[in-house]
Structures are given as C-alpha cells and as structure tokens.
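6 protein chains.
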Amino acid sequence: MLRPKRLTHLSRCGSPRMVDVGEKPVSRRTAAAEAYVAVGPAVAALIRKTGAVAKGNVLETARLAGIMAAKQTPAIVPLCHPIPLDRVDVEARLEGDRVHIVATASAEARTGVEMEAMTAAAAAALTVYDMVKSAGKGAEIGPVRLLEKTGGRSGRWKREEHHRGPR
Amino acid sequence: MLRPKRLTHLSRCGSPRMVDVGEKPVSRRTAAAEAYVAVGPAVAALIRKTGAVAKGNVLETARLAGIMAAKQTPAIVPLCHPIPLDRVDVEARLEGDRVHIVATASAEARTGVEMEAMTAAAAAALTVYDMVKSAGKGAEIGPVRLLEKTGGRSGRWKREEHHRGPR
Amino acid sequence: MLRPKRLTHLSRCGSPRMVDVGEKPVSRRTAAAEAYVAVGPAVAALIRKTGAVAKGNVLETARLAGIMAAKQTPAIVPLCHPIPLDRVDVEARLEGDRVHIVATASAEARTGVEMEAMTAAAAAALTVYDMVKSAGKGAEIGPVRLLEKTGGRSGRWKREEHHRGPR
Amino acid sequence: MLRPKRLTHLSRCGSPRMVDVGEKPVSRRTAAAEAYVAVGPAVAALIRKTGAVAKGNVLETARLAGIMAAKQTPAIVPLCHPIPLDRVDVEARLEGDRVHIVATASAEARTGVEMEAMTAAAAAALTVYDMVKSAGKGAEIGPVRLLEKTGGRSGRWKREEHHRGPR
Amino acid sequence: MLRPKRLTHLSRCGSPRMVDVGEKPVSRRTAAAEAYVAVGPAVAALIRKTGAVAKGNVLETARLAGIMAAKQTPAIVPLCHPIPLDRVDVEARLEGDRVHIVATASAEARTGVEMEAMTAAAAAALTVYDMVKSAGKGAEIGPVRLLEKTGGRSGRWKREEHHRGPR
Amino acid sequence: MLRPKRLTHLSRCGSPRMVDVGEKPVSRRTAAAEAYVAVGPAVAALIRKTGAVAKGNVLETARLAGIMAAKQTPAIVPLCHPIPLDRVDVEARLEGDRVHIVATASAEARTGVEMEAMTAAAAAALTVYDMVKSAGKGAEIGPVRLLEKTGGRSGRWKREEHHRGPR
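Protein chains in written order, with this note's numbering: chain U, 1338 to 1504; chain S, 1338 to 1504; chain G, 1338 to 1504; chain Z, 1338 to 1504; chain L, 1338 to 1504; chain F, 1338 to 1504.
Source of the hints: derived by calculation from the structure; they are not laboratory data. Just so you know, not all the hints are guaranteed correct.
Any copy, or any two copies together, can satisfy a pair, since identical chains are not distinguished.
Claimed, not checked - With a cut-off of at most 25 angstroms between alpha-carbon atoms, the simulated SDA-like pairs for lysine to any residue come out as follows: (1) Lys1474 to Arg1365; (2) Lys1495 to Ser1471; (3) Lys1495 to Pro1378; (4) Lys1386 to Thr1487; (5) Lys1386 to Glu1485; (6) Lys1386 to His1437; (7) Lys1361 to Glu1485; (8) Lys1474 to Gly1359; (9) Lys1474 to Asp1434; (10) Lys1495 to Gly1473; (11) Lys1474 to Ala1381; (12) Lys1361 to Pro1421; (13) Lys1386 to Gly1359; (14) Lys1361 to Gly1492; (15) Lys1474 to Thr1487; (16) Lys1474 to Lys1495; (17) Lys1361 to Glu1432; (18) Lys1361 to Gly1489; (19) Lys1474 to Asp1357; (20) Lys1361 to Gly1473.
Using the sequences and the hints, build the whole thing.
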C-alpha cells in the first residue's frame, strides 16, 4: 500500500465533503464485500434446525435486508453519491458457528460501488444479530470488509488471500 | 447462556415476523454497542494529523452518521420496531491503528434499543471506512457488538470483561 | 353505513390536512387488511413449484416487503400520523391462481392503524407483482381492503362476511 | 402468454435476487398502470361536492401521493432497481362510485418502469382510502394493474381491451 | 434574551449530540413557524390566475410538501428526536408578491416540536420555489422563523409583535 | 425577466405535475444557493467560542446536514426528479451575527440541480437553527436563494450583484 497523502473525503482545509466525481468517466463498477456474524454453537444449531424446518428464514431475511440497505447507502453513509445500481446480490450461509455473508453490487457509474457492497453486508449482519439476539446477545459482527472491486481509474483491487480466512 | 428453544423472530412455522411487543410494559431502555475499524498505521497517522489540523472531521462525520442511522434503524433492520428514541450518542476515537466507536441509545419503550445502538455503531464504522478507503481499501470493520443493555423483562445484560479487549 | 357529513381529512374550507388526534385518548388499536394478486395458472404453478424447491421465496419476500412498508406508511400516505407500531404481521399464501395476503398491525396510539395494515397488504401485493411480472404482466392486484379494526372511539369494525369471498 | 420457465427474480437455487440489468442496453421506457377505489355512493357524493366547493382535494392529494411514492419504489418493492425517472404523472377522477387513477412513468434506463407506475397507482389509491375511511371503511382498492409498457427487449405490451372495463 | 452559557446540542467537549430528553416529563407541545417566498409580481399574478382557474395548486402542493416534510424532520435535521406527531397543519396564501406559509405542529412528547414546524415551513417554501423557478429563478425564501411554541419546562414563547411584519 | 406564460409544474388544466424531462438532452448542470441564519450577537459569540474550543461543530453539523439533505431532495420537494448527483458541497461560516451557508451541487442530467442546492442550503440553515434554538428561539433563517446555475437549455443564470448583499 502506497503512503496516502491526503484523505480525498476531506477538503484541503480538512472539512468532510462529497468528492466531485463529475470529471471521472462513467465505467462499469463492481464490488464484493463480506461480513461474518459469530453466533455461537447454540444459535447456530437453531438456525440450522430452522433452516431445515422453516426454510432458512434468518438467512433469507438477512439477504433481503442487505439488498434493501444497499439502495439506502447514500442515506446511511453521509458522503456517498447516489448510484443507479444495476445489481445487488447478497449470499448468506452458516459456516460452523458463524453466518457468512457475501454482498456484491454493480453499476455503470462515475464512482465505485464499494460502499453499497459494504453497507449491504453490514445490514445483513445487523439483521442476523437482530434475529438471534434474544437467544444470544453476545453474538459479534465482524470482520466486515471489502473483498474485491473493479472499474474506475484505480482498476481492480482484490484482498490478498491470506487475509480472507477466519480471524 | 441458557439453551434457547426458539428464535423469537420466527413464528412457530418458521416465518420471520416482527415480535408483538404490545403486551410488554413500557420501561426505560438503554443499550451500548461498540465497533472497531482497523485502518492500518498510514491512515491512522493521517486521521491523527487531520484531527490536529482540521478538527477531527473523519471522526465527527462518523459520529453524526451513527446518530442519524440510529433513527433509521427500522428502515435498515426489517423486523425492528419504530422506537421514539430519547437519546443517541456516538463517540469515536483513534486507539492505535483502530478507530473505536461506542454508541449508546435510550428510550422509554416496550422493546429494547439494542439494534439502535448496534446500527449506530455499524453506520459510524461504515462512514469511517468510506472516508479512508481511497487511502486503504484493506481496512476492516469489526467487531461490532453489544456492550450492555438495561430495561425490559430480561433486565441488565453486560458483556463480560474478558470479551472487551482487542480481538 | 350512515351518511357522512364531511371528510375528516379535509378542513372546513376543503384543504387536505392531517387530522388533529391530540385530544383523542391513547388506546390499543389493531387492524387487519387483505390483498389479492391474481397471477394466472402458469405463474401460480411456478410459485407452487418454487415453493417446494426453493422455500417459497416469492411469498416470503412479499411478507417482508409488507412488514417494512408498514413502517413507512407516513412517508407513503401523506396525511397519516407516525405511529409507534407494536406489531406488524403479514401472511401470504397461494389460493388457486391468486396470492392471498393478510396484514395485521397493532399499536397503542391516539389514532388507528388501518393504513399501516392496508399499506403492508398493498406493498406485499406490489412485491408479488414485481416478482412474477416477467412471467405475466397481466397479473392484477385487488381487492385490497380492510377486514377489521378495533380500538378508538368508533370501536370495532368488521367487514361483513358476504364481502369477504372472491370478487 | 408463453409458458414461463422460471421467475427471473429467483436465482437458480430459488433465492430472491435483484435481477442483474448491467448487460441490458439503456432504452427509453414507459409504463402506465391504473387503480380503482370503490368508495360507495355516499362518499362519491362527498368527493363530488368537495370537488366543486373545495377544489378536488381528495383527488389532488392522491395524485401527489402517487408521484412521491413512484420515487420511493426501490424502498417499497425490495427487488426493484433505483431508476432516474424522467417523468411521473398521476391522474385521478371520479367515475360513478369509483375513483379511477392512471399513473404513467418514463425513464431512460436498463430496466422497465412498470413498478414505478404500479406503485404510484397503488399509493394514490391508498391515499384516497385514507381520506375517505372515516366516512366508509368498506371502500375497496382494485384492480391495480398494468395498462401498457414500452421499451426494453420485450418491447411493447398492452393490456387487451376486454380486460380494461370495470370488474 | 438571557445570555446563554452553552449550546445544549454540544457536549461539554464541544461535540454535537442529540440532547438526552429521557428525564424530561412528557407534556403537550405545540409550535408554529412561518416562511415567506418573495416571488415577484409576474409570478404572483400567475399563481393568482392559476388559483382561480386551476384550484390553487401551487399553494396546495406546498402545503402537502410541508406536512410530509414535518414527518421527515429527524432525517433532515441530524440531532432532532423522532416524535410521534399528533398534528401538522400548513397554511399557504398569497400576500401581495409573497407567498406566506404558516406551519403548526403538536405532540405529546419529551421534547418540543419547533423543528417540525420550522421544517414544514421551509419545505413548503422550497416547493413553492421549485414550482415557480421556471418563471422566476430570482425568487427568495425568507424569513423562516418560529412564531410561537408551548409546552415543556420553558413553557410558552411567542415572537414579539414588531418582529412579525414584512422584513 | 420575461413575462412567464405558464408555470411548467402545472399541467394545462392546472394540476401539479412532474415536468417530463425525457426529451431534454443530458448536460452538465451546476447550481449554487445560499442561506443565512441571523442568530443574534450572544449566540454568534457562543458559536465563535465553540469554534475555537470545540472545532466549529455547529457549522460542521450544518454542512453535513446540507449534504445529506441534497440527496433527499426528491423526497422533500414533491415534483423534483431523482438526480444522480456528482457532487454536493456546503460551506458554512459566521459573518457578524449571521451564519452564511453556500451550497453547490452538480450532475450530468436532463434537469437542473437548483433544488438540490436550495434544499441543501435550507437544511443546513434548519440545522443551525436547531442547534442554537435553546439559546435563542428568535433566530431567523433567510434569505435562502439561488446564486447561480449553469447547463440546460436556459444556460447560465446568475443573481445580479446588488441582490447579493445582506438584506
């Protein structure tokens, strides 16, 4: 990682701002982000059981929450631009005692869709937490992190493999 | 933790539902949640420098984003009840190479404000990520977790101390 | 039905207004509304098949859409009051070639929750239409109508039985 | 109508998803939808009288509600894409004992604006119901249905004439 | 006006915060605010003419926009509490070459409804500007100001008469 | 200013409508608007003092509120089109006893961004009012007015200099 000189979301005099993307060319943008929710073995067993009996509704509800939140990104993250998203997809599955969420977004836009993917992943994780908290308030969300993005001047960025395992 | 029998957000036949809180008494509810954003040393140095020069705007923007997101909780987390919040507060500071966010919420309501605190913390963390991502896409959010809650039938819950350190 | 003298949502000089409910006592309010979506036999077969294979996701998505829309009622219906809902529930099932949606809402409030139930039912129906429209744009929503409400000065209202059958 | 093979809003494994429209070309899209509200003779007389005396405010309020709701479509219908609408128009008039609403929308986009027109029509109808319900809770909304759409790969679709009369 | 010691919306260390109203008693709150839009004689004549011919729709649209915006106050003004409004009313009329808007709000709450009235007045004024700007971009909004508020510890506050005339 | 014949936001028969911009070419659009908040000398001194001690948080909060409100413009101003904004910037500073806000917006769109700039300025002003009202309810917002706009068929418009001074 090169040493950054300045945070682009702060003006020269340090005030937060929405970056001007008017000069950037429109290009196809994609981004993928992931989130984990460590729910503990008892809740994991419940989700597994419910998944069999009752159609995996914790995970399905989380997925829809993620999709809807992606569209609200500019209202949740103050300096984000409104983006006409072409696609949002959220996958959620149980891996051991953790729910693993992967959110992807794409658009043809002047700025990237990383925040849409990150917001979708975080909202899906919050929704899992909400649904299991009566059974286990100690559940923890994290890491929530970008996996990959393409498009724009900086092109493709991909999280290095050894960063993708469990914490 | 006792073995939960059922997830309260799923009906007997497994469908997600908004829990009926109509029979619960109104009581004072508080909740605190925290979130970390691991930004790496280079970005941490930038935030520190900007904090001195330009009034800590990454952290201030994150705080406001958290406060505003708490009020949007029912629109972000599908099964949350709308709650007339009496207070939301979000603190954010740099601790080493991580931004540490603590969000608190309170209300007099039939249901708890855990999700408002969790959503505020997560949105503040997303906002930090948004503002530093041009300098470091590898930053990671987490853990996002409940620290404490009071009120309601289940009364006080507090995260055990040894769970509160760095991951 | 008695002859109404005036529409309460219009002021004496005919302008639309939000009715002042400040003088009304707080009471427990409930309402139930239903909506139908006539999808035709081919789509009904697909929903049925998908329901078996893939967990009834058209109906589950519709249910969640209804729950979330109920919370947005004051932003959708201009003269509605914001209400701290205690519960929203939406059921959706296939009956012959129609999807039948029943939405219920309750709150302790100065004004009724009829519009929350109606909005939930309508939004669930729109969501069904959205998901089946690629297979059948001719699908029709309706009737959307109140089934019952309780609470408030006017007390209980219930749709008469012979009005509840298929159109 | 050809037999559909699959609902495009469900993935191969049956999960609801936002359809990826990234590969579709941008084209001019229009859609028109209608909704009826059967209000009964007493309320119809009131609307008529108010229309003369007080400028048709039930109908005007419904029209504005429809226009505003069209812009909220992606927040109401979970799998809808955000679309930069070029136009929304909502007409509302009394026809006998029913209010007839026609909503039209257009955009230059990768996906159609059917849901924007349908949502506008439904929200306008809900608003009529809200304003007349104190005088007649038995009022019914429906049918809400697409009249026509143009643009996109599937081109023009028009509801057949004999389907357009009263129920 | 007494000399204020501190702004209550800033914490002791100067950070913006949502004031904790949890300790305040619930009381009936009302507020009234006004806004002017100076539209110039040509546009005023058009509004007047349209009012006669076409039912005063600039003013009616502004009124509804104000009512709807009042309900969005916590999403527009970052440190405002969500309040279960009992009533919002917005009047708008032409006075000479200016549109005069008066917005009133009331609720039974722990905090005042001044911002709801102010936001309603401002949004109604923005809507008037939007509708006349093609005819006169030079139109000006202002003053937007509180007229009166009641309830809460500070009780009644009323703008002094000589402040209520034209600027 | 030429004599306008008709308000474009009213249809031929006088009903409010969203203007159809589908036929307009996409062009780069910019707009700047300003707002003043007259806070009085005591509050001005407090803001100044807080600005030194505590990082100008009234002004920073107002700036962020303006940026976020610009993105909500289509939900606040009923007949506005949704616009994919490329940039929003809000400046706020104390000038004597008044806070002076300047908001700018830009987009590549079929319609102008005047309302986004005006809404940002007004929301920032409302936020200043909210934060100082405990110290001075008599504060007044205004004028809120367009300074300049570029792009579109009507091209550049600029407020004449002698209109830009203090009231």
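Going through the hints against the structure:
Proximity of lysine 1474 to arginine 1365 under the C-alpha cut-off of 25 angstroms is restricted to the inter-copy arrangement: shortest distance 19 angstroms between copies versus 40 angstroms within a copy. Taking the shortest Cα distances, lysine 1495 and serine 1471 sit within 25 angstroms of each other only across copies (14 angstroms), while inside one copy they are farther apart (37 angstroms). Only between protomers do lysine 1495 and proline 1378 lie at most 25 angstroms apart by alpha-carbon distance; the minimum there is 20 angstroms, versus 31 angstroms within a single protomer. Taking identical chains as interchangeable, the C-alpha atoms of lysine 1386 and threonine 1487 are never at most 25 angstroms apart, the minima being 38 angstroms within one chain and 30 angstroms between chains.
For the identical chains of this complex, lysine 1386 and glutamate 1485 are neighbours neither inside a copy (33 angstroms) nor across copies (29 angstroms), given an alpha-carbon limit of 25 angstroms. Taking the closest pair of Cα atoms, lysine 1386 and histidine 1437 come within 25 angstroms of each other only inside a single copy of the chain (17 angstroms); across copies the shortest separation is 28 angstroms, beyond that limit. With identical chains, the CA atoms of lysine 1361 and glutamate 1485 are at most 25 angstroms apart both within one copy (20 angstroms) and between copies (23 angstroms). With identical chains, the CA atoms of lysine 1474 and glycine 1359 are at most 25 angstroms apart between copies only, with a shortest distance of 22 angstroms across copies and 45 angstroms within one.
Proximity of lysine 1474 and aspartate 1434 under a CA criterion of 25 angstroms is satisfied intra-copy only: 15 angstroms inside one chain copy versus 27 angstroms between copies. Proximity of lysine 1495 and glycine 1473 under a CA criterion of 25 angstroms is satisfied inter-copy only: 12 angstroms between copies versus 34 angstroms inside one chain copy. With identical chains, the CA atoms of lysine 1474 and alanine 1381 are at most 25 angstroms apart within one copy only, with a shortest distance of 13 angstroms there and 31 angstroms across copies. For the identical chains of this complex, lysine 1361 and proline 1421 are neighbours both inside a copy (16 angstroms) and across copies (14 angstroms), given an alpha-carbon limit of 25 angstroms.
For the homomeric pair lysine 1386 and glycine 1359, neither the shortest alpha-carbon distance inside one copy (50 angstroms) nor that between copies (28 angstroms) is at most 25 angstroms. Proximity of lysine 1361 to glycine 1492 under the C-alpha cut-off of 25 angstroms is found in both arrangements, the shortest distances being 13 angstroms within a copy and 23 angstroms between copies. In the homo-oligomer, the alpha carbons of lysine 1474 and threonine 1487 lie at most 25 angstroms apart only across protomers (12 angstroms), although the nearest pairing inside one protomer, at 37 angstroms, exceeds that limit. Only between protomers do lysine 1474 and lysine 1495 lie at most 25 angstroms apart by alpha-carbon distance; the minimum there is 9 angstroms, versus 33 angstroms within a single protomer.
Taking CA atoms no more than 25 angstroms apart as the test, lysine 1361 paired with glutamate 1432 passes in neither setting, with 40 angstroms inside one copy and 35 angstroms between copies. Taking the shortest Cα distances, lysine 1361 and glycine 1489 sit within 25 angstroms of each other both inside one copy (8 angstroms) and across copies (20 angstroms). Within a single copy, lysine 1474 and aspartate 1357 get their C-alpha atoms only as close as 41 angstroms, which misses the 25 angstroms cut-off; across copies the closest is 19 angstroms, which meets it. Proximity of lysine 1361 to glycine 1473 under the C-alpha cut-off of 25 angstroms is restricted to the inter-copy arrangement: shortest distance 20 angstroms between copies versus 46 angstroms within a copy.
Violation of the numbered hints given earlier is confined to hints 4, 5, 13 and 17; the remaining hints are satisfied by the structure.
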